[in-house]
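The primary structure of each chain is shown beneath.
Protein chains: 2
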Amino acid sequence: MDYTFSDKTSALKPSAIREILKAASIPGMIPFAAGNPAPETFPTGQIAQITERILREQPIPALQYGVTEGVSALLSEIKTQLVDPEGIGSDNDAMLVTSGAQQVMDLAAKVLCNEGDTVICENPSFIGSLNCFRSYNANLVGVDLEADGINIELLEDALKREKNVRFIYVIPNFQNPSGVTMSVEKRRAVYALAKKYNTLILEDNPYGALRVRGEFLPSIKSMDADGRVIYAGSLSKILAPGLRVGFALAPKEIIAKMTVGKQTSDVHTPILSQMLACEWLRETDLQGHFMTIRDIYRRKMDLMCDLIDSEMRGFFRFQRPEGGLFVWCELPQGVDMLKFCKRALKRMVAVVPGTAFSVDENRPSSCVRMNFSTPADDRIIEGMKVLGKLRERYEKHIAAGKTDI
Amino acid sequence: MDYTFSDKTSALKPSAIREILKAASIPGMIPFAAGNPAPETFPTGQIAQITERILREQPIPALQYGVTEGVSALLSEIKTQLVDPEGIGSDNDAMLVTSGAQQVMDLAAKVLCNEGDTVICENPSFIGSLNCFRSYNANLVGVDLEADGINIELLEDALKREKNVRFIYVIPNFQNPSGVTMSVEKRRAVYALAKKYNTLILEDNPYGALRVRGEFLPSIKSMDADGRVIYAGSLSKILAPGLRVGFALAPKEIIAKMTVGKQTSDVHTPILSQMLACEWLRETDLQGHFMTIRDIYRRKMDLMCDLIDSEMRGFFRFQRPEGGLFVWCELPQGVDMLKFCKRALKRMVAVVPGTAFSVDENRPSSCVRMNFSTPADDRIIEGMKVLGKLRERYEKHIAAGKTDI
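Protein chains in written order, with the working numbering: chain C, 1005 to 1409; chain H, 1005 to 1409.
These are computed hints drawn from the structure, not numbers from a lab.
Hints are not guaranteed to be accurate.
Each pair may be met inside one copy or between any two copies, as identical chains are not told apart.
Unchecked claim - Here are the simulated lysine to aspartate or glutamate pairs, EDC-like style, with alpha carbons at most 20 Å apart: (1) Lys1393 to Asp1310; (2) Lys1256 to Asp1006; (3) Lys1200 to Asp1006; (4) Lys1012 to Glu1257; (5) Lys1346 to Glu1160; (6) Lys1012 to Asp1121.
Predicted model only: the values in this text are computed from it and were never measured.
Let the sequences and hints guide you as you build the complete structure.
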C-alpha cells in the first residue's frame, strides 16, 4: 500500500550527522564528523564494579518497572553533585530523569508547543534539537551567533516580530556546532529579554563540565528568579552516553507536564542505567574526575587546533573553544563547502557540513564542524595531514585562478 | 510566571495507573493495581553474568553512543528468536529497537497522525497507549470488546463513519485490561476491514509469550500481505521491563520515518540494555524459558482466580484469561465501582478502576482490573481475603436494601 505521513514528520529528513555517522562507520574512516565523548574518559572499571554490585545486591529493583519521575536516589545525587554546585534550582523547581538530554528537548517541545508556535534558536545550532522542534511543526526562527554568543539586537527583533514564542533555545557553554561560549553579559541580556517578552528559555548544558580553559560562567538557570528557565543536564559527557541518562530541572508545573509526556513516550528511563549513574555519582570525587577528563579534552583539542594551524595555514578560520567537543572552521570565500566535505570523505576523513546546523537548511554555509574527542590522537594527526594535502590541492587551484572549486 | 501548555498536553492527566502505582508503593499496600511482570521470572543470575562479560570484553561499545536503528546483532537475534518463530515479517518489512514497546505507540502516532486524525481502539484498552494517542491530539474512537475480541460490526461502522482513520490499535493476546483473546476469525476480519477501508493496524503484543492455556493463535502481522501492520514487540515480559527494550516490525518506509522520529526523541535505546538483551537471546533456550515462566504465570493466575471464586462468590464476574497479567472483574449492578476501589484502598488493597481504560473517560464502568503477577503468592491470598470481607459487607448492605453502595 501507499503510505502518507503526518505533516510534522513529512518534512523531517534523517539527521545529516546520523547519516554521516553511518558513513563514518565504514572501516578506516577518520571520524571528525562524530560527536562522541572521548572513550578514554569512561570509568569502565568502576562501571563494571558498580554494575556487578547492583545486580548482586538489588537485582529485582534494577530490572523491574519504576516510576516515570526517575529513581529517587539518583535525583538526590544529581541535586547534590550537579545542580547545587552549579548554583541552580529553587524550591519552585523540580527534576525529572530523562533518556538523555535529547528527551528534555522533546518533552519541552511536546508540552509547550502547538503546531506553528515559534521557537527561537541560535543559528547555527545543534541539529538534534532543531529536528526535534521541527518534529512538532514549530516555527523555527534562527538568531545569528557572534563570538560571545547570540546577537542580542537580533534576538530582541525576533521577540518583537514573532508571535507565540514559546521558548528561546540556547547552548551557552561551548555551543554545538560553533564552540562559542556566551558571555555573562549576554546570559543576563537573554534572561532580561525573556522576561520583557514573557517567554521561557530552554538552556541546554551538555558540555558545561568540559571546560578546558577560561573561567566558569554562571548558567542562565542560576539567574532564574521568575521560573522561566528549563535546564537540560546530561551525564553523557561526564559518565557515558550509551547509558542515556539526562535530566530536566524546571518549574514544578512544567516538570509535572513533562512527566506525563514521558509516561506516554517510554514510561521511564532504564533502571539499571539510573542506578549505575546514581552509585557512580555517590562514590566519585566529581571535581577530581572533571580535572582528569578536562586534561584529556584539553590535550585532544589542542592537538587538533595546533594541527589546524600547521596543516591548514589559515585555510580553516577558527576560534579555539574554551571547552566542549567541537571546532567550527570557516572555509575561504569561493570554496564550495559541500564539495570540500565530499572530497574529504573520499579521502576517508568525515567532517560535518555546516548547513546541517542551519535553522534555514537552504541557507548556504561556508563552515564545517570538526570533532576531536572521538578519534584517537594518531587518527587526529593522520586526518589533519589528509586535510592538509587537500588544502594544498585547493591552493594550487586558487593560485591557478580556478573559480569552481 | 504563569504557564500555558500545548493543547495536546493540557487535556492529558497523569495516568490513573501511575498515580495508583504510587499509592501502591505505600508500605504494606497489596499491589493488585500494578502491571509488573512476576519478578521471580527474571533470570537475575544470567543477567549478572552476561553484564559482567559485556563490561569486561566490550566496555566502550556498551557505553558509547550507537545508531538509532539499534544494535545490529540484537536486531538479528530478535528476528531469529522472536519474529521468525511467530511467522511474521517479510522482505518489505524492517525493524527498529525501541525504548520499550510504549515507544512503538509513540513513534507510530508521531509519524502517522496529524492533530484530529482518528485512531480506532478496542474499548476498554491500555491506558498508556490511549494517553499516548491523546498526547498527539488524535481523535480516539472506541469499539467495544466482546469475549472473543473487538465487535466487528461496530468496527466497520466506525471505519465507515470516521474520517482520516490512521490506524486500528489492537492487543489481540490477553488484552490489557480485559484479558480477552481475539479469535482467529476476528483477527482475519480486522485485517480484511483494514484492507477494505485502506487503513493501517497497530498490533501490540506484549504478552504473547505468556499463554498459560489454549492454543497459540497467529498474529495479525502474520496475515499482512499488503504491508499494513505495524507490530509492537517487547522483551519486558519475557526478560525484564526495567531494561526498556522493545521493537517495531513494520513496512520499511514506516520504520524509516519512525527511526527519524526516534533520533529526535532519545537518539537511541541504551546500548548496555540492548547488548544484554542480545546476549540473553543468543544463549537462551527460549522455548524452555517460556515453559518455565508460563508455569509461574499459570500458578499465580489460577491462585487468584480460584480465590476470586471462593472469596468473591460471584460478586466479581470474570472470565479466566488464557494468558497475560490481568483479570477483569465486573461488579454487581448498583455497586458504585469507584467507591469500591476507594474502600479496597483503605483496606490496603490497590485495584485499578475500570474507567482508567475507557476511551471516553466519562463513560461509567462497573469493572476493576486485578493483577496477579506483581504480588507474591501469600499477598494474593491475603489481598483476596480482604476483598472477600469487603464483599460480605456489601452483601449485608444489599440484603438490608440499601441502594447507595
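Evaluation of the provided hints:
1. With identical chains, the CA atoms of Lys1393 and Asp1310 are at most 20 Å apart within one copy only, with a shortest distance of 16 Å there and 79 Å across copies.
2. For a Cα distance limit of 20 Å, the shortest separation of Lys1256 from Asp1006 across copies, 12 Å, qualifies, whereas the shortest one inside one copy, 44 Å, does not.
3. Taking CA atoms no more than 20 Å apart as the test, Lys1200 paired with Asp1006 passes between copies only; the shortest distance there is 14 Å, against 49 Å inside one copy.
4. Proximity of Lys1012 and Glu1257 under a CA criterion of 20 Å is satisfied inter-copy only: 16 Å between copies versus 26 Å inside one chain copy.
5. In the homo-oligomer, the alpha carbons of Lys1346 and Glu1160 never lie at most 20 Å apart, since the shortest distance is 38 Å inside one protomer and 53 Å across protomers.
6. Taking identical chains as interchangeable, the C-alpha atoms of Lys1012 and Asp1121 lie at most 20 Å apart whether they share a chain (13 Å) or sit on different chains (13 Å).
When held up to the earlier numbered hints, the structure conflicts with hint 5 and nothing else.
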